[in-house]
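Colleague: Residue-level listing of the chains:
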Amino acid sequence: MLRAHRTHHFGFIREFVTRWDALALVVVLALVVFLAEASRGLLAPLSQLDATPLSLNPAHLPEYAARTTLRMFTALALSLVFTLSYATWAAKSPRAARVLIPLLDILQSVPILGFISITVVFFMSLVPGRVLGAEFAAIFAIFTSQAWNMAFSFYQSLRTVPTELAEAAACFHLTPWMRFWQLEVPFGLPALTWNMMMSMSGGWFFVVAAESISVGHTSVALPGVGSYIALAIAQRNLHAVGWAITTMAVVILVYDQLLFRPLISWVDRFRVEQEPGTEPPASWALTMMRRSHLIGGLTTMFYAAVRWTSWALPSRPAPQPRSAAARERSSRGWDALWLIVALLLAALALRRLALMLIEQTSLAELREVGTLGLLTLARVVVLIALASLVWVPIGVWIGLRPRVAQVVQPIAQFLAAFPANLLFPLAVYLIVAGHLSPNLWLSPLMILGTQWYILFNVIAGASAMPAELRRAALNLRVSGWLWWRRVALPGVMPYFVTGAITASGGSWNASIVAELANWGSTQVRAHGLGAYIASATVAGDYHHIVLGIATMCLFVVSINRWFWRPLYYYAERRYRLS
Amino acid sequence: MPPSTDMNAAPLLRVKGIAKSFPKPDGQELLVLEGVNLQLAAGQIVGLLGRSGSGKSTLLRLIAGLTEPSHGELNYLGSPVDGPAAGISMVFQSFALFPWLTVYENVALGLEAQRLPRAEIRTRTLAAIDLIGLDGFESAYPRELSGGMRQRVGFARALVVHPNILLMDEPFSALDVLTAETLRTDFLDLWSEGRMPIKGVILVTHNIEEAVLMCDRVLVFGSNPGRVLSEIEVTLPQPRDRLDPSFRELVEKIYVEMTARTVGAQAGARTEFFPGQGIGSVLPHVSSNELSGLLEAVAAAPYNGSADLPKIATGLQMEIDELFPVAETLQMLRFAELEGGDLKLTEAGLAFCNAAQDERKRIFARQLLTYVPLAAHIRRVLDERTSHVARKSRFIDELEDFMTEETAEQTLRAIVGWGRYAEVFAYEDESARFTLENPA
Numbered sequence: 001m002l003r004a005h006r007t008h009h010f011g012f013i014r015e016f017v018t019r020w021d022a023l024a025l026v027v028v029l030a031l032v033v034f035l036a037e038a039s040r041g042l043l044a045p046l047s048q049l050d051a052t053p054l055s056l057n058p059a060h061l062p063e064y065a066a067r068t069t070l071r072m073f074t075a076l077a078l079s080l081v082f083t084l085s086y087a088t089w090a091a092k093s094p095r096a097a098r099v100l101i102p103l104l105d106i107l108q109s110v111p112i113l114g115f116i117s118i119t120v121v122f123f124m125s126l127v128p129g130r131v132l133g134a135e136f137a138a139i140f141a142i143f144t145s146q147a148w149n150m151a152f153s154f155y156q157s158l159r160t161v162p163t164e165l166a167e168a169a170a171c172f173h174l175t176p177w178m179r180f181w182q183l184e185v186p187f188g189l190p191a192l193t194w195n196m197m198m199s200m201s202g203g204w205f206f207v208v209a210a211e212s213i214s215v216g217h218t219s220v221a222l223p224g225v226g227s228y229i230a231l232a233i234a235q236r237n238l239h240a241v242g243w244a245i246t247t248m249a250v251v252i253l254v255y256d257q258l259l260f261r262p263l264i265s266w267v268d269r270f271r272v273e274q275e276p277g278t279e280p281p282a283s284w285a286l287t288m289m290r291r292s293h294l295i296g297g298l299t300t301m302f303y304a305a306v307r308w309t310s311w312a313l314p315s316r317p318a319p320q321p322r323s324a325a326a327r328e329r330s331s332r333g334w335d336a337l338w339l340i341v342a343l344l345l346a347a348l349a350l351r352r353l354a355l356m357l358i359e360q361t362s363l364a365e366l367r368e369v370g371t372l373g374l375l376t377l378a379r380v381v382v383l384i385a386l387a388s389l390v391w392v393p394i395g396v397w398i399g400l401r402p403r404v405a406q407v408v409q410p411i412a413q414f415l416a417a418f419p420a421n422l423l424f425p426l427a428v429y430l431i432v433a434g435h436l437s438p439n440l441w442l443s444p445l446m447i448l449g450t451q452w453y454i455l456f457n458v459i460a461g462a463s464a465m466p467a468e469l470r471r472a473a474l475n476l477r478v479s480g481w482l483w484w485r486r487v488a489l490p491g492v493m494p495y496f497v498t499g500a501i502t503a504s505g506g507s508w509n510a511s512i513v514a515e516l517a518n519w520g521s522t523q524v525r526a527h528g529l530g531a532y533i534a535s536a537t538v539a540g541d542y543h544h545i546v547l548g549i550a551t552m553c554l555f556v557v558s559i560n561r562w563f564w565r566p567l568y569y570y571a572e573r574r575y576r577l578s
Numbered sequence: 001m002p003p004s005t006d007m008n009a010a011p012l013l014r015v016k017g018i019a020k021s022f023p024k025p026d027g028q029e030l031l032v033l034e035g036v037n038l039q040l041a042a043g044q045i046v047g048l049l050g051r052s053g054s055g056k057s058t059l060l061r062l063i064a065g066l067t068e069p070s071h072g073e074l075n076y077l078g079s080p081v082d083g084p085a086a087g088i089s090m091v092f093q094s095f096a097l098f099p100w101l102t103v104y105e106n107v108a109l110g111l112e113a114q115r116l117p118r119a120e121i122r123t124r125t126l127a128a129i130d131l132i133g134l135d136g137f138e139s140a141y142p143r144e145l146s147g148g149m150r151q152r153v154g155f156a157r158a159l160v161v162h163p164n165i166l167l168m169d170e171p172f173s174a175l176d177v178l179t180a181e182t183l184r185t186d187f188l189d190l191w192s193e194g195r196m197p198i199k200g201v202i203l204v205t206h207n208i209e210e211a212v213l214m215c216d217r218v219l220v221f222g223s224n225p226g227r228v229l230s231e232i233e234v235t236l237p238q239p240r241d242r243l244d245p246s247f248r249e250l251v252e253k254i255y256v257e258m259t260a261r262t263v264g265a266q267a268g269a270r271t272e273f274f275p276g277q278g279i280g281s282v283l284p285h286v287s288s289n290e291l292s293g294l295l296e297a298v299a300a301a302p303y304n305g306s307a308d309l310p311k312i313a314t315g316l317q318m319e320i321d322e323l324f325p326v327a328e329t330l331q332m333l334r335f336a337e338l339e340g341g342d343l344k345l346t347e348a349g350l351a352f353c354n355a356a357q358d359e360r361k362r363i364f365a366r367q368l369l370t371y372v373p374l375a376a377h378i379r380r381v382l383d384e385r386t387s388h389v390a391r392k393s394r395f396i397d398e399l400e401d402f403m404t405e406e407t408a409e410q411t412l413r414a415i416v417g418w419g420r421y422a423e424v425f426a427y428e429d430e431s432a433r434f435t436l437e438n439p440a
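In order, the protein sequences belong to chains A and B.
In this text, residue positions in the first sequence follow the numbering used here: the first is 1, and each later residue adds one.
In this text, residue positions in the second sequence follow the numbering used here: the first is 1, and each later residue adds one.
Accuracy of the hints is not assured; some may be wrong.
To be verified - Taking lysine to any residue pairs in the SDA-like style, the calculated list, with each CA pair at most 25 Å apart, reads:
hint : chain 1 : residue 1 : chain 2 : residue 2
1    : B       : K392      : A       : K92
2    : A       : K92       : B       : P99
3    : B       : K392      : A       : Y575
4    : B       : K392      : A       : R565
5    : A       : K92       : B       : T67
6    : B       : K16       : B       : G222
7    : B       : K199      : A       : E167
8    : B       : K16       : A       : E167
9    : B       : K392      : A       : E167
10   : B       : K253      : B       : R51
11   : A       : K92       : B       : S70
12   : B       : K392      : B       : V286
Just so you know, these hints were derived from the structure itself, not from any lab.
Computed from a predicted structure; not experimentally measured.
So that you can see chain B by itself, here it is in the shape it has in the complex (with noise of 0.2 Å):
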């Protein structure tokens, strides 16, 4: 028996107006996370969805105790948290196990820390074990297991200390395809009996399928801030069939809702996925290889210049983490047109298939000069200047009038990675110059 969904209950967790931001150096703060209103009853999956630099794993981070939020209030079974609260454990994406400690020893850990008997440890840790399928392997140290194994360690650590609500972050997403299906099926098997002594779950991840297969609910979250931009039911009864075409239809709505434009952002600026305006979009670290491979696998058959997202993705198995980069930036630079889950070739993207190597470099220029702010004012600042040489750094400081440090150095990045491959500019890495030469 699942855990029975009683509505009318309160909720495990009640998460109102919450917000978070860290100080950046320059003394003013950088918004991660802005308004997000969550709430979990018995019984419920709960999908956090979004892409990196999206705040799902900082508010999983605050509902865990872990940090506090700048602004807003949560609430679990009534009380505020504080500090990691009992009764709330998590699952980490890279397993988190002590290398040093036996998987007995590793799963044991909270029991021990809660100072109970050394019987009940043993009895408690044991029952664990055996619940997520380890027997066999108690005296095993982590780094003799594999990745599936110890993310079973990580579930059976978690699972000791009866939590009342599970936290997952991205938990099947260090693993191999085989081993992550085997995972979730054991887990919803579990869940579905009801063996596990939890009564929710909130899962991060960023896989549209692996929220549709698992959660009651997904909230779909956007960046810059990170904030939810709708919240899905998922009323499928499980087992549920990825083939269903129910199941297809849930999972290409989620690819529409994520790639929507953001409602406001002016039209034109073809930056507008990014955050930031004219030179100072932030733009993502995509590689020119990258963009001519999702090119041309778009303008070849079966897709023949129009490819459907979701398709797409299973048939170049990526992730939406690497795919949106990849299709935005084609978007940016009006090679392709992104509407409705779909991606679009336009002439130029076409013609940039049909050419050959050094006309490529020259379309790719053309299209990098016109629409990219950034990449104009450096190639123009190098014009202008007798010398055709210019300091990194000096682009950076224009940058940071924008953006954070960091951000700053992954937009010069990949600027720079584009411009080389257009050989609109050079640059040397050594003595952090943009030059105007061609190295022979």
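With the rest of the complex left out, here is chain A (with noise of 0.2 Å):
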């Protein structure tokens, strides 16, 4: 107190700029500049592309990064805008639920990379000739491996908005707007934000295929980090695979503290079972945002706008709702219409699969591909196997130590955002340089990256143990085997299904680009359905590319109804403690 009467002459100064005022200007700033870097260029011709060719020069990667990260937060910001207004029509209207629902459970599966080679030329002749296109197609791919998840976590939160909440905002008469907003949004937002946080993930894994597009005859390479890999691999360049991944680390680390930090410090608040005690995650970066006036300049200004938007919209009063009887007849009404439409878009569909399928598909291409199916699958059970075999154990030793935990957690969730395909061409030249069997040698890269779910989701586990198990177990003296099958390991089982899950997804995904990996002009190549799909795709061969995504969707599809799904509910009722 002493010290703010001495001051008193310089107050305002003190009050209105912080220490931390500083550094958060020194931060925009250098986000401003950055936006501008990145930018440049988008609007040149496709031949400057050829006429700047990309340069493995280590000076020019703190640019390609830039380019490369702006593209992947355009890619966020659509996923967000798509998520906010898709999930909200399927949440809003069980009608189109009923479609919309399914679909996204379909696209989840979807191999993303199928996405890139079929979408690539619609958007290339949207602005012919032009770098934008090329840009959009590189987005539109990276955007495919991201909103698909987030849609159906906010589905999810919107389904589960608390009713004593929604009956309060009722009460209140809070506009259709106000409510979105005010309620929904905030509710779905913890949520929302682990989710965007694995979409990033998932979006550096394909940042490498979507930047240096080839598919047939159309080949263009952006300036970013995913096309100075692929420059690299192609020129066998084992020092600017080096600059690449360290640079990827750099920027993964920056943006994990500058973004994601200090987002899931933030939304804390916005969880609704309210424990006090718990404290929420620390970050530096947020501790910065709200000594400076930033936060609260940008919430005020957020509020501001929800306020202003939702006076200027027409106040729509809560619907009056007539009579009960009237309003089923005319639902029932809409609803058989409903029906035929999708049932008339579904039979069109399927006549033109068939179509395709009859004309150009032999009996034998099916047993084909349908084995390299089985083959992958082989692979993706026994590598989460492995990995069960090896981080279950290791996890619940981490997770049951909370000193230990607090350090390794954030590296499992950083080296599970790392995109571990960097990684590959070393992998590669390993392969050949040793002479080993690329069916066997391959395989591992499919869990290089995915690995991770199972460690931090069992580390997660383990801590939330409650401690009063454990010290019963030691009461009793349980030790040894015992301990690990009646305390441990179904103490974690819920959050290992869940672990193990993204991690089977995930390697689903990245067999297209493990399975076939270059080396320079050297092919190293596994048996799979990966392969099969990323041959298809460099050959350009529409029919073979559909053909091979349509197989394992149904295969991943079909393993996560009749297998993931049911033992996830049996978990969670067997082992849940709570």
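Given two chains presented individually in distinct reference frames, assemble the corresponding complex, making use of the accompanying hints.
Modeller: Now the structure itself:
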């Protein structure tokens, strides 16, 4: 208090500009420069890409990294817009949900690379001859790796808004628009943020493929880290690969610290279950933004915008309830119409597919694709089993030691976010140099990036195990294998299953990149559905691309339906500690 | 000055012949509320008293315009209620505060929805916060507050919109005893001083003493379907004293009212307190521990085999929602008789209390198989089969002829608990099967 008195004359400066403000200012300015740098040349003609070819000089890497990051965030913003509209539509209209939700479920299982090959020509033709078209295609590809799980998470949140909060909103006459921004979005934010983080990781994985597009005769390399790596691989430049990996690590570290850590820490307040005493995760960046006037200003602006838009919008009062009978009658009519339209569309799509299959696909081909699918399936199963054997015991060990967990957990999450395919060139180099069997040694690449989901979920599970349970086991002198069987494994089961589901899904996706890898002109190839799709993409063979993708989709959807989902519910019912 | 009680003026709210039903999966209607009439005049606090499932909360939501009635009329200040009406606001059981808004923002929300000028929002919000005793907490988030403080925010948020009618949905039931009493007293003080901008209050509660303490009129609700059993005027002057003999008398009277046998229910079936008959009776989820606990409590001093319900409720610190199902299950098993607000043990009940563990199980098994048709039915099916195994779904299907899927599950859960305790049959949850095996 004494100090406040002494600095009285300059109090207004102290109040207005804090140390944190200065730091925030630097960060904001840097962001502006970065944006300007990254968006340069968007409207340039395509030929300019040839005029200034990619260079492996590490000095260019900051610029490339900036452009790649900008693409990622543009895609993330699009995913957010998609999420808020698609999920809301599905949640508000049960009729629409009947079509939209299964559609989302399937889209989620379609291998992401499939989208690139199919859509690139379309986007290039939107802005003919400009770099922008290729950018669209790349951003769309990244978007498809990010959007679905976000939409799912938000849909789930919208469906589970606590009844009393919804009633309070109705009671105090919030308009639908206000309700959306004041209740539904805040409620869904924590889950959505976690999913955005997962989506970013997924996006990095495919950025390499998205930036250096080559489908049949169309081949474009957009300036970015992804194409830099592609070029380094083509030229067999191990040094350049190393530089790229370092750059990616720095970029991921920066956005993790500047964006996601603060976000996670900030959205903690939006969790509805309010146990006192649980500390929100710490973030120095959030502290900076809070102590400066940045966050305060932004939230004030946001709420002002919500208020202003909701005032500007006509105040639509809650729809007048008509008699229940009348509503049901009209609703039945619409239901019938909706069903007819959906069936018609489905029939058309089916006819189109059937035509293609009958005209161009032989039974032998189907059998071949099916066998390849089984091969890849075998790889995924074995890899998940191996990874579980390794990471479950380690995860439990770490999770039961809070101090170790505090250090390891962020590292595991970082590793999950790190695009493991950047390490592929090294693996391929080793396989070629050591004359190893690609069928066997390419397989681990599929799980290189996804195994961390198992690890950090198990860590989370073990840390969440009630201390009393562990003490009881200790008190009864339960130890050794009995302890694992009766205490540790059941305790982490639901968490492990969650991690394994994510890891398995990711591995299927990764198979497209992992089963067919290049090092210069040397190609290393394993037998499997992933390699099948990858080589069909390189050849621009649409018929085989579609066939391969459809098969993989079928595999993933049925495994989810018949294996993972029942297992998940079983684990939830039987082992959830609550 | 409390808002003047002027019975001649038009009532604030008039509810006439309200019924509410929900569609069941089999296409039939499930009636949850039937033929309810209610009038709220200015200056009154009306209590809706009943246990869970009696439709009192449904009635409150109908009045709030959050759902619509299947039949009947709702009239607020002369015009029909269709959707949330301006001038009716609500306080929720679980507070229903927005965790991402501060105390100030939570309170101001209703005014922002009305698009008032910012200056006015500010004055009125601060005034409400001040009135309800929250000054100093404006910038706190709900998670930083204790339950009592959170509910104060709930009150401020409801009052700031200057409603004519305040609806309260068990507002004190999520709070500890001490905090609840403080909040009740503070509320009654503000009400009797006329400092709140409200004209009438409807209070939903399952706490008999709370109803008698706060209300001018109490509507006692019965279940299956929810309906008004009786209407009781409380004319005791405020502030009321819980120890006052006339207060106790009124509480006792309501206890008798709420445990009275349904008129017309056949005697002897012993499941008359529960809806449905024979194996189709809906059974409450009461554990064998609660049953033996209450039996022992009544058998012991000072009750010595016969207990006054209000006394034992206070003694055991049980809400009627917890106490009544246990007492009624004892009655069904003929361990006790429930009459005139008293619980009296039968011979079987006394024998149970005096027996050791194994003997207790035998007595319980005998009563269960004799007086609970569903238990006898399950045992018979298991005995008749050579495998001595029967799937749960078989009995669920049978029960669903009489009740909804949800109540069928609940009934079967109850019977599984009792059957296991009495060792009349076993049940495996994993395979969802009843067996006669005794796990080694």
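Colleague: Against each hint, give a clear statement of whether it holds in the structure.
Modeller: Hints versus structure:
no. : hint              : result
1   : K392(B) / K92(A)  : violated, 36 Å
2   : K92(A) / P99(B)   : holds, 23 Å
3   : K392(B) / Y575(A) : holds, 22 Å
4   : K392(B) / R565(A) : holds, 24 Å
5   : K92(A) / T67(B)   : holds, 17 Å
6   : K16(B) / G222(B)  : holds, 18 Å
7   : K199(B) / E167(A) : holds, 22 Å
8   : K16(B) / E167(A)  : holds, 24 Å
9   : K392(B) / E167(A) : violated, 37 Å
10  : K253(B) / R51(B)  : holds, 16 Å
11  : K92(A) / S70(B)   : holds, 24 Å
12  : K392(B) / V286(B) : holds, 20 Å
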